[in-house]
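*Asks:* As given, the protein sequences belong to chains A and B, one line each in that order.
Mapping the first sequence onto my numbering, position 82 (from 1) lands on 373, and the numbers just tick up by one.
Mapping the second sequence onto my numbering, position 208 (from 1) lands on 499, and the numbers just tick up by one.
Rather than coming from a laboratory, the hints here were simulated on the basis of the structure.
Keep in mind that the hints are not guaranteed to be accurate.
Copies of the same chain look alike in the list, so a pair counts if it works inside one copy or between any two.
Below are the DSSO-like pairs computed for lysine-lysine, each with C-alpha atoms no more than 30 Å apart in a straight line [to be verified]:
id	residue 1	residue 2
1	580	408
2	408	595
3	408	389
4	595	579
5	579	448
6	347	482
7	595	403
8	580	595
9	448	580
10	482	579
11	580	418
12	580	378
13	575	336
14	575	403
15	404	336
16	579	418
17	482	558
18	595	429
19	378	575
20	558	403
21	347	595
Model, not experiment: these values are computed from the prediction.
So the chains spell out like this:
Protein chains: 2
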Amino acid sequence: MFERLPGEITVFEVGPRDGLQNEAGQVETADKVALIEALAQSGLKHIEITSFVSPKWIPQLADGLAVARQLQLPSDVQTSALVPNLKGYEGACAAGLKQINLFLSASESHSKKNINKSVAEALSTMKEVAAAALADGKRIRCYVSTVFACPYEGPVKPEQVVMVVEGLLQMGVHEISLGDTIGAANPRQVKEVLDRLSGVVPLPRLALHFHDTRGTALANVVAGIESGVTIFDSSLGGLGGCPYAPGASGNLATEDLVYMLEGMGIKTGVNLERLVDAGALAEKILGKKLPGRYLQAALATRAKACAG
Amino acid sequence: MFERLPGEITVFEVGPRDGLQNEAGQVETADKVALIEALAQSGLKHIEITSFVSPKWIPQLADGLAVARQLQLPSDVQTSALVPNLKGYEGACAAGLKQINLFLSASESHSKKNINKSVAEALSTMKEVAAAALADGKRIRCYVSTVFACPYEGPVKPEQVVMVVEGLLQMGVHEISLGDTIGAANPRQVKEVLDRLSGVVPLPRLALHFHDTRGTALANVVAGIESGVTIFDSSLGGLGGCPYAPGASGNLATEDLVYMLEGMGIKTGVNLERLVDAGALAEKILGKKLPGRYLQAALATRAKACAG
């Protein structure tokens, strides 16, 4: 174990999209812009800033175009947005984005419930969008949900994941993010799925997207690193990712990920103190505590320092 | 990785002591008894039920003797208590306990601040208690605090830990629990410390005691398992362990640990549903939410099932 640790890991920040789309209240466009700029100031280079899903479904992100246009970021920050279809793709193009992020489920039941399509139908719809994006020279990432477990079917067979990943590679997707949508995976399962995929897809094209619903996210990251994956998704303060209840956790918190990786001597390029600043800003904007462990410990330490 | 996973892991429950000693309010003796009995009903076989520290310092656990006497547990449940000195040892004997748990720090500054003794002085005091306990045929566990990092000194040198562990082995301590007191360790560091200790102490005599302050506890457990450790401490719902602030986390939650291990095919003998029952009871007794991830997800699922 840890005999061939990577020197660097890429952190892909999903908070502004995956986090804010789950918020009940409307966040001001200016606040979203400030939050994304704070994330970039921490050193994050890959930030999913919004989605171009119909505002009928996700009114929280209806201002995606305005957000993209108002952002002032260093030129080496790669922004992207979630795109469900050709109409969404047009939105992302209007916003000037060079990367789009597609999504589908690995399990049939989740696919049906989420987008009312079978997995095969989802792949087919996606082909049109991918073809358009490739023709325009865009970079394409695709999220695969329910890779390890489905809320309706339980554990998902690795063969199903292999089939989906092969379909995505065939249509020219550059990066595939494997999601533990309900936070049920364990490190052994992560290793087994990645062992299966290692002959199917070059590991540098894989990302892992863990949820901390049951506290296992960083343990799963360790298994992912040991299996050769070098891109991990996370969300500021653990925002979003369909938490079950107030106070419960969804997405892996970016601070927890960066803290562990840097402690292990793996470079992320992210400054933890600036990340905590961004977390404090997010708590102020949303008017609530975020579930991230490191963030709460750091904010409590800061409060103590102020008081004493 | 995971080529030689153990078939079983021992879970050592510290909630009734390490958890309740940090509670501001007084918990009724009958409630403590009910909680410990609920923990045993989940299948836990090793439960630290109280401490025999002076009630001047920890009034929350002043009823240790009454708790021990009122408990009705299956005969294969091994109860134990924290013991700081000979007087505490007498309390544990009066309570009929067959195991006592000693403690000291690996770092000088933490030792001074915590018990106003140097590490050498702490080892020396402990010798008296250990000699008495061995003469009485008791089993002795010892917690070593600040093994990975000290709140005053930062990272702790592995040589310091080796010195302390050697001292404990010489005085006949049966089991040594290495504590990440401030929850700062990372998996690489865990492996490095255990690599250093593997020539000093037989691994079956080591336990690991992680805190989830920064979300890394289960990742550290994975590194511990890979290094050959098979005993892990945890606390119901993540109770206790000096959390920095309300809502922040201290001890690794027993449910999170059991969920991950069982998912990996490692037997713990613990029934997760009964553990969640115990967690619900603890929340009722304490009148607050506990920080454990799995517990919150499970309780939210139960609430949904009731509502719908």
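*Asks:* Which constraints among the numbered hints does this structure fail? Numbers only, ascending.
*Replies:* The structure breaks hints 1, 5, 6, 9, 10, 11, 12, 14, 15, 16, 18, 19, 20; every other hint is satisfied.
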